[in-house]
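Asks: Start from the sequences and build out the full structure, keeping to the hints where you can.
Just so you know, the protein sequences line up as chains B and P, in that order. So for the first sequence, numbering that gives the first Met the number 0 puts the first residue at 0; every next one is plus one. So for the second sequence, numbering that gives the first Met the number 0 puts the first residue at 0; every next one is plus one.
Rather than coming from a laboratory, the hints here were simulated on the basis of the structure. Ideal placement from N, C-alpha and C gives every residue a C-beta, glycine not left out. Among these hints, one or two may not hold up.
Stated by the list, open to error - If you anchor each label on the Cβ, the simulated ranges turn out as follows:
no., chain 1, residue 1, chain 2, residue 2, range
1, P, 82, B, 411, 50 to 56 Å
2, B, 634, P, 209, 31 to 37 Å
3, B, 277, P, 209, 20 to 26 Å
4, P, 157, B, 44, 41 to 47 Å
5, P, 157, B, 601, 44 to 50 Å
6, P, 90, B, 297, 58 to 64 Å
7, P, 569, B, 151, 35 to 41 Å
8, P, 157, B, 297, 51 to 57 Å
As the list claims (entries may be wrong) - With the C-beta cut set under 8 Å, the calculated list includes, among others, these residues of chain B facing chain P:
no., residue
9, 18
10, 185
11, 334
12, 338
Claimed, not checked - Where chain B lies over chain P, by a calculated footprint (3+ residues, C-beta under 8 Å):
no., segment
13, 160-174
14, 455-461
Number of protein chains: 2
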Amino acid sequence: MSDQPSDTCDTAPQADQPLVIFTPSGKRGRVAPGTSVLAAARQLGVDLDSVCGGRGICSKCQVTPSYGEFAKHGLTVRADALSEWNAVEQRYDDKRGLPTGRRLGCQACVSGDVVLDVPPESQVHRQVIRKSADTRPMVMDPATRLYFVEVAEPDMHEPSGDFERLAQALAQQWEVTGVTADPTLLAKLQKQLRKGNWQVTVAVYRDHTGAAPRILDIWPGLHEQGLYGLAIDLGSTTIAAHLTDLETGEVKAASGLMNPQIRFGEDLMSRVSYVMMNPGGEAELTAVVRTALADLAKALATEAGIDAALIVETTIVCNPVMHHLLLGIDPTELGQAPFALAVSEALSLPATDLDLVSINPRARTYLLPCIAGHVGADAAAVALATAPETSDDLMLVIDVGTNAEILLGDKSRVLACSSPTGPAFEGAQISSGQRAAPGAIERVEIDPVTKEPRFRVIGIDLWSDHADFAAAVAQTGVTGICGSGIIEAVAEMRMAGLVDPSGLIGSAAQTDTQRSEPEGRTHSYLIHDGTVVGGPRITVTQGDIRAIQLAKSALYAGARLLMDERGADRVDRVVLAGAFGAHISPKHAMVLGMIPDAPLANVSSAGNAAGTGARMALCSIAARAQIEAGVRNITKVETAIAPRFQEHFVAANAIPHATDPFPELLSVVTLPAVSFNAGGGDGASGGRRRRRR
Amino acid sequence: MSDQPSDTCDTAPQADQPLVIFTPSGKRGRVAPGTSVLAAARQLGVDLDSVCGGRGICSKCQVTPSYGEFAKHGLTVRADALSEWNAVEQRYDDKRGLPTGRRLGCQACVSGDVVLDVPPESQVHRQVIRKSADTRPMVMDPATRLYFVEVAEPDMHEPSGDFERLAQALAQQWEVTGVTADPTLLAKLQKQLRKGNWQVTVAVYRDHTGAAPRILDIWPGLHEQGLYGLAIDLGSTTIAAHLTDLETGEVKAASGLMNPQIRFGEDLMSRVSYVMMNPGGEAELTAVVRTALADLAKALATEAGIDAALIVETTIVCNPVMHHLLLGIDPTELGQAPFALAVSEALSLPATDLDLVSINPRARTYLLPCIAGHVGADAAAVALATAPETSDDLMLVIDVGTNAEILLGDKSRVLACSSPTGPAFEGAQISSGQRAAPGAIERVEIDPVTKEPRFRVIGIDLWSDHADFAAAVAQTGVTGICGSGIIEAVAEMRMAGLVDPSGLIGSAAQTDTQRSEPEGRTHSYLIHDGTVVGGPRITVTQGDIRAIQLAKSALYAGARLLMDERGADRVDRVVLAGAFGAHISPKHAMVLGMIPDAPLANVSSAGNAAGTGARMALCSIAARAQIEAGVRNITKVETAIAPRFQEHFVAANAIPHATDPFPELLSVVTLPAVSFNAGGGDGASGGRRRRRR
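Replies: Put into structure tokens, the structure is as follows:
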């Protein structure tokens, strides 16, 4: 066979040997004439991919040679610097096409000085291009990789199992030693080997733990349909997943669905209560969430048009209660001091252990580690994505949900806690509150002079004072107010003088507007009256303000507690994570006193950082090792027992800022457009914020 | 707590320190005064058990001190050589009773020179007493052991999972590091820890492969119900299993059932054919055999009166076709050259992978390695039990079934092959043949003068010429002739001159007896006419003799082929393994030319050696390592392609011995009474063999 793997040349490089320079890495060195480009890359430690092992069939090792004068390198590359285009390359080009100027690295041999460009798709550890700037770069380093091997045929005189000969081929051709396999893989092994005429591609899972590598699947010949993974962000309310190409890191499909456990309780503690009241009830909760994951995986494969059996890995991030309920563990201990997790370390499991039966039957699942009883794998994923431990300046990371997870740190030390903000920030326990959905008020402004409000609703690109707004909103109506809307409303009310520092809404007389209406023994503020079109009256009540005050005090107190532990009285940067964090207005958050003061330009959103962390762990075993080590180094702070937390909580009750704290900065604040199962409409609208005064 | 683990003393021994002598090991040394006996045992490398880690609650470390003069050791042991009987010992004695003279090794401390006897039940690596002399000794060294640990309680200030604290306790208290656990274990962890007030017993599986240890189960407090394992001998016809105590090696229950695959084909090749004719049909065969194993496990637990969840390990031995069918692998490749196994190495699996759902849900299964496509894990188990690789003289081991597995070797080298004897030796394809069951003729003698036969049937302790025989046999009747019966019949016919060397039965005139009856173009010999009581006429036909000739030629040719390979023209010892081997008469086998000539006293039975091997692998990870290495060192010889096999086969067709080959030895041959799902009645009857002439 002419397409046998090329041997690397073991002789020491000599000065008269050809010089090879690889770009973009800049790696260079001399190799013996006749060395293949692939072998040269391996000798010089250049990241050049190959699945077929140099047999000229996978084309993963493509390079682009450059010819001519390279003054920078003091080099002339002659037209015959590489061996001639050969029959294997011609065969590949005829069959599948090679881009102009490209050569197969396993076929082209070096005969003179040459400059070779390795295109991104030929790099094993290619970097994944990502939209969000506030998360660390992601390099492909997946646990599961494809290997094309030629397996020795059985020999009656030297009897050995087909599996043992496959294992031998992996060891000899790829230095993958000691592989194991499940019975279901052994059951399909013999047919695939014979179908491929003893040439097969295997998917081998080998993680960072040193456990024996496992063959997850086998295909006859060269497998070209790729491998996929699923990064799952399992929230209390929604389950979101990214179907990701394990070779490129590309997201092929993303989707979400409601967590079906909601029928056992909207919030986590009510689900814990359900289990406490119904012993063994965790089995029901476990079953429904597992079914949902399997369904979601199947739906994503269909959406992306791939065979679900090509999904060989999943990673999961979630809070501790969801973590336990997914694993089938009674979460009761998480509902009471000392909030003991059953298990905190990262787990690597067969996906079937979680009844993820819709994907490859031998797929693996990786659950990120939990940090503490209230600070889960979701917070660990946020830490992985935002990397506070690599920050030069002091960074506060807040992931707001029913619980807020808070990280504070820099290169020297990272601390973490969670704070029981309750569901007010998600629009729950608010009189006109609702989940972020079309029709919900997500932005509010109140004119400080006229005290008149204007607002925007999710799904409509106009403010409510626009002439076309009524027509635009006719379909959904204005149905309520979501988390980001209530925050803006309360902050704007404070800035407009409708609310005093203690949070009390003034009467119409006190506030000089008829929108302040008596309600019970206090007042409420009318944002929108939809009764003329049969819609609701949307008001902010005194109770709403109290709920927001409690929630923001808890959040602020958690951040302050970490600052105390750290001995810091200010932070340099604030990163808001999570769907809610992507939609919250930093200015209003600061007016409210939700977050410690920081230069407004240094407040940013990391988008769905938990989801990003899940995807990083999916694409990189180095990332898994990183977060496992990182979690061990995080100082855990328990808010429930810290006396200073109570002090901070009480002190934070007031709404300090009567005016816009940083008016000069408002025009430059632009929240990045990150959205996924979003906490409120189109984040890009932030760029169109009105400049006031 | 007064029953905390004792610390070992780290100071170097000094001449004035007390001398401690342990029996039966003879190990001795000086220890610091006040050292506990358990600590002293550990310092001196004495095998003294402890599950509770020296807390005085498990009583596994009992010793018997001896007092007085020990001239042999030059030692006087004073009455105060050990510390006084303490409160912990008193508590244990009150609660459960300590045998007179015994002390708890973890409580009694050394204060003067002392001699201490370690009773067998206090040894970790206790030797298992076994009946069969022809198998190697068995030492307890199981993969799964119990550990009693005290786990740190959760601490909000240092949050960590309960599992992580348990793992830490195992590492600190037992040096068991890096444990893992399945989600189902994690799900029960928290309740057991709290129920046991942070004292629990865990069963940890740690085998010889270096894989991370796994916690298989957890119990609150000290678990005293033991751990069990199941050694399964999965035959084509019968499935036999021994329920074994994993602490003592004691067999608690043994039972067998028919392999339900029989309905897809009596012999293996017809089952392979079934799969070939019905693609995907292996799934049916797999399902029925897995169900049978699960049922058998459950039945054995019930019989032994133990909770089936205490069965935490199983080992399985079987031939390659059963091996593949159990694993769900299509056995087609095993039915045709080159007889490629899908996998030959030993496999360690979750028992649930084989649907063994009736035992502990986290139980492990170990399948012994196969040797070659025709020489399975059953042959490996025979090799493990009979240990030819440790033999000084040249040893031939034959396991007779539908295929005969043959091992030949000694310390220098071991060879193996299988030979297609067909089912004649099991009574199939014989005109009056039947499986070994009550009513079957199992022993035959023919008077060389009168040519009259007498016989015995399975289940009846009398020869057929005894006056009470007719009455004794009335219940079952004489129904047919089993494997050992037909072998004796043919050999006796040859010795009585009824059959010539070519295997031809003479006519009544030639043989001088009316029992030679014309049948077709040849003759048959009448052994028993049961027609008067409505039973069958049992004859040996010319066809029967041809079938036995074919089978014995194949067996002999296989043995000769190995002898050729080895360059040997004789063997020193012959060991017959298997149920059939336990019942075959060595003399008759040699008359027939089934086995190569050897001194008759050196022909013995190893009983159900395959089952013994399975039990050894169950009780000892060293045995697993031993057979895995052993199998690699065995030279595999393929009979199907060896021209010399054909030559030997043809040459072996004749029945050489016209007379008893070793008459002087007959009185001393006593087949050991080994029987389990036996190939024919009570093996002890061999001792009552009539001395002739």
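Asks: Does each hint hold? Answer for all of them.
Replies: Here is how each hint holds up against the structure:
In this structure the supplied range 50 to 56 Å holds for residue 82 (chain P) paired with residue 411 (chain B), their Cβ-Cβ distance being about 53 Å. A beta carbon spacing of about 35 Å between residue 634 (chain B) and residue 209 (chain P) agrees with the range 31 to 37 Å that was offered as a hint. Hint check: residue 277 (chain B) to residue 209 (chain P), Cβ distance near 44 Å, so the stated range 20 to 26 Å is violated. Here the CB-CB span from residue 157 (chain P) to residue 44 (chain B) is close to 43 Å, well matched to the stated 41 to 47 Å.
Taking 44 to 50 Å as the suggested C-beta distance range, the pair residue 157 (chain P) and residue 601 (chain B) does not conform, at roughly 33 Å. Between residue 90 (chain P) and residue 297 (chain B), the C-beta spacing of about 60 Å keeps the proposed range 58 to 64 Å intact. Distance hint for residue 569 (chain P) and residue 151 (chain B): a CB-CB separation of about 38 Å, consistent with the stated range 35 to 41 Å. At roughly 42 Å, the beta-carbon separation of residue 157 (chain P) and residue 297 (chain B) lies outside the given 51 to 57 Å, and the hint is violated.
Proximity of residue 18 (chain B) to chain P is violated relative to the hint, the smallest CB-CB distance being about 45 Å (cut-off 8 Å). At a threshold of 8 Å, the smallest CB-CB gap from residue 185 (chain B) to chain P is about 5 Å, leaving the interface hint in force. Given hint, residue 334 (chain B) at the interface with chain P, is violated; its Cβ is 12 Å from that chain's nearest Cβ, farther than 8 Å. At a threshold of 8 Å, the smallest CB-CB gap from residue 338 (chain B) to chain P is about 6 Å, leaving the interface hint in force.
Note: the segment 160-174 of chain P has 4 residues with beta-carbon separation from chain B under 8 Å; the three-residue rule is met and the coverage holds. Proximity of the segment 455-461 of chain P to chain B, defined as three or more residues with a beta carbon under 8 Å from a beta carbon of that chain, is not established by the 0 residues found.
Violated hints for the displayed structure, listed by number in ascending order: 3, 5, 8, 9, 11 and 14.
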